[in-house]
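Engineer: Protein chains in written order, with my numbering: chain A, 1 to 576; chain B, 1 to 144.
In case anyone wonders, no lab produced these hints; they're calculated from the structure.
Don't take each hint at face value.
Said to hold, decoys possible - Straight-line C-alpha distance at most 20 angstroms; calculated EDC-like pairs for lysine to aspartate or glutamate:
| hint | chain 1 | residue 1 | chain 2 | residue 2 |
| --- | --- | --- | --- | --- |
| 1 | A | Lys422 | A | Glu335 |
| 2 | A | Lys417 | A | Glu501 |
| 3 | B | Lys12 | A | Glu25 |
| 4 | B | Lys51 | B | Glu75 |
| 5 | B | Lys54 | B | Glu69 |
| 6 | B | Lys79 | B | Asp55 |
| 7 | B | Lys12 | B | Glu91 |
| 8 | A | Lys109 | A | Glu25 |
| 9 | A | Lys194 | B | Asp55 |
| 10 | A | Lys199 | B | Glu91 |
| 11 | B | Lys60 | B | Asp120 |
| 12 | A | Lys199 | B | Glu58 |
| 13 | A | Lys420 | A | Glu335 |
| 14 | B | Lys60 | B | Glu91 |
| 15 | A | Lys496 | A | Glu425 |
| 16 | B | Lys54 | B | Glu91 |
| 17 | A | Lys194 | B | Glu69 |
| 18 | B | Lys81 | B | Asp120 |
| 19 | A | Lys109 | B | Glu91 |
| 20 | A | Lys282 | A | Glu501 |
| 21 | A | Lys109 | B | Glu80 |
| 22 | B | Lys51 | A | Glu501 |
| 23 | B | Lys12 | B | Glu59 |
| 24 | B | Lys60 | A | Asp451 |
| 25 | B | Lys81 | B | Glu59 |
| 26 | B | Lys81 | B | Glu91 |
| 27 | A | Lys109 | B | Glu69 |
| 28 | B | Lys60 | B | Glu75 |
| 29 | B | Lys12 | B | Glu75 |
| 30 | A | Lys109 | B | Asp120 |
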Amino acid sequence: MAHQPKRHKLISDRRIEIIVFSIQEWLTTTNHKQVGILYIVTAIFFMAVAGMFGEMMRAQLAQPMNNFLDPFAYDQTVTLHGLLMILWVLTPLGAGLANYIVPLQIGAKDLAFPRMNATSYWTYLFSGVLLVSTVFLPGGGPNTGWTLYAPLNTIEFTSQPGMTLAVLAILMLAVSITMSSINFITTIARNRTKGVTWKRLPIFTWAILFTMVLALFAFPPLAAGLLLLISDRFLGTVFFSSTQGGGILWDQLFWFFGHPEVYIVVFPALGIIAEVFQTFAKKTLFSRSAFIVEFAAVTFLSAGVWMHHMFTTGVNYSVLQTFSFTTLAISVPFEGIVIALVLTLYKGRIQLNTPMLFCFAAIFTVTLGGVTGVLQAFPVLDYAFNGTYWIVGHFHYVMAGTTLFALLAGLYYWWPKITKRKYSEKFGVITFAISFVGFNILYFPYFFLLDMPRRISTYTVASGFANLNLIATIGAYIFGPAAALAVLNLVVSLRKPVSAESNPWEAREMEWTLSYNDKAAEIQPADSVGAAFDPPDPPKETWSSRWYWCRTGLCKSVEAHDSGREAPSTKKTGEA
Amino acid sequence: MTENYERPEERKSSFTPLLLAIGVALFFLGLAINFPLAMGGLAISAFTLLKIFKDNVEEKFADFKESLEERWPLEFLKKEKLGVWVFLMSEILIFGSLIVAYAYVRLSSSSWPIASQIHDVTIGMVNTIILLTSSLAIVYGFTL
C-alpha cells in the first residue's frame, strides 16, 4: 500500500465502475433471481403503459359524444390495452414471481435451463417493445380488439404494417412463454432438492406447475393460428379471409388458447392467495391434496370449454349443450379451490397485513367475477349478455380484480424476501383501501350497463349510459393512481436500510425456511428442516381435526406433540 | 451451521440471450417494415445461435452438479432429454392445430381441387421419400 489515491477520485472511479459492471451484469445475467426481478420490473412497466391506455378509454367514455379520441385511436387503445394487460402484464408478472420463488421453494440452485430462461425474458421484453411501437408506425397499430377476429385481421381490412408487427409480436411472446413453460416443467419435475417430494411440494409451486402445463398446450394453437395469419398476410393464402368458415376457424384456434389463458393468468394468483392465507392465518391450507386435485381438474377441463365464447356464432344445438355442461363442470373444482381458500381462514390466527388484505379483495372479486361468469354458461343468458358491458365487467372482475390484487399481494408478501426490506405497512393498507374502493366504483357500474355494446368509442345522450359511465370514469381515476401508489410504496422502501429479519412473517413455507449448509456446500435436505411442514398449532381438540392433520401428511408431528416431545422449533430465524 | 437459505450465488453470464432476442425482434420488425432490416436480424440470430452452439460444445454452461435431488418418477431421464420431450409435446399441439385447421378448411369448403390439379405428384412423392429416409438415416446414425 505504497500510494493512496485521493479519496474523492477513488469514489468517483469506483462508482462508474460499479455502474458499468452492474449494467453489464443485468444485461447478461442468467441467474433466476435477477431474471425474476427483470420480469417483475418489465411487467410493471407494461402495466403502467396499458393502464394509461385504459385511463384514456375511460376519459373518452366519460361524456356522451366525446371527442377526446377519434374512433380509430379508440380502437387501437382498446386493442393494446387488452393485449398488453393479458399477455404482457398478468402472465409475465406471475412468471416473474415464479422465477424468483419457485427455485427457492423446491431448493433448486437455479432453473433447469438458466440461459433459456434469460432468453425467454429478453424475447418477452422485445416482443412488448415491438407491440407498443406499433402505435408510432404510419397507419397506426392494431385496431381489431385483443381477440383479433377474422376477417378483420386480414390484409383487406387492416393493411397497416402496425397490425402485421403486432401479429409477429404476439408470436414472439408465444415462443417466449413456451420456452418458460418447458423450463419450469423440467425444473419442477427434475431439480427438487432431497425431501421435496411431490406430496410436500409447496402450493405456489404446484400452481405454477399447472400454469405452465396449461401454457404448454394453450399457446401452440395460438401460434398455429398466428402462423396461418402470417401466411395470409405475407403469402396471400385465404385461411381467414375465406367466406367458407374463415372467421370461425380463427375463433376456434383463438379460443382454444383464449379460455385456458384465463386460468394461466389466475392460477399463480390462486397459488399466491394460498401461500398468503397459510402464513397470515398461521394454518396449513384446508384440504391440501383436494386443492391440488382441483387444480388438476381445472387444467384438464379447461381444454374442453372454449366453445362457450362462440355460442352466438351459429353453432348447432348439441354443441351448445355440450359446452354449456363442460363450463358448468369446470366451475365445480374452481369453487372447490375458492372454498378451500376461505376455509383455511377458519379458526386461524389472522393478521391483517397488506398482502392479506389484497388477498381478501381478490377472494371477493373472484367470487363476484366467477358468479357473473357462470351465468354465461347458459346459452340463453349468453345470447342476452354477449358483447355488452356485462361481459366487460365480468372479466375485469376476474382478470383485473383477482389477478392484479393477488399479484400485488404476492409482490408485497415476497418483498422482504426479494429486497430484505420492509415496506410501510400503514401506507400499504391505505393504498389497498383506496384501490379496492376505486376498483369497485370503476367496474361495478358495468353490471348495470346491460344494453351498452362493448368497444364502442362513444354513445349518444339519448342512450342513457352517461351517468354510469361517468361513475366508472371517476372510479378509474381513483383505482389507477391508487394501484400506482401501491407499487410506489414498495419502491420507496428500497431507500430503507437492509433489515436483519430473514423471515418477518414467521412463514413456514420453504422459500423462507429451507437453509443452506455451508460445510457441505449444499442445500439442507427438506427432511431435516421439519419446521416447514409442521402445523403451526398442533391440534388437540377433536378426532376430526386429528384426522384432518393426518390426511395432510403431518401425523408425525402430531404424534410428537401428543407424546410430550417438543416439536421442532419454528423460531430458529428469530434467534439468529 | 445453517444460515437461512442464503447460498453463494453462482453467476454465469452470457450475452447470447439478449442478442438472440434482439435478432428475432429486428427480424420481425424488418418483416413488417423494410426487408433489409429483417436480413440484419436474421444474421444476428444466426450468429448468436452459432455462438450458443459453440458454448454448448465447449460445455461452458454445463450444469454444476445437483447433489441432492428428488426426481421421482423421472429418475431415468436426463434433464435435457426431459426438456426436449416437453418441447415435443408443444410441437405436437402446433402441428395438430395446423392439421385440424386444414381438416376444418377442407370440410367447410364447398369444393376442393384434386391434388394433381395444382401440384406435381411425382415431386411430392420424391420429397416425401427423402424426408422419411433422412430420419431413417439419423436413427441408423445413433444405433451404429
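Engineer: Going through the numbered hints above, which ones does this structure break? Give me the numbers in ascending order.
Structural biologist: 1, 4, 5, 7, 9, 10, 11, 12, 13, 14, 16, 18, 19, 22, 24, 28, 29, 30
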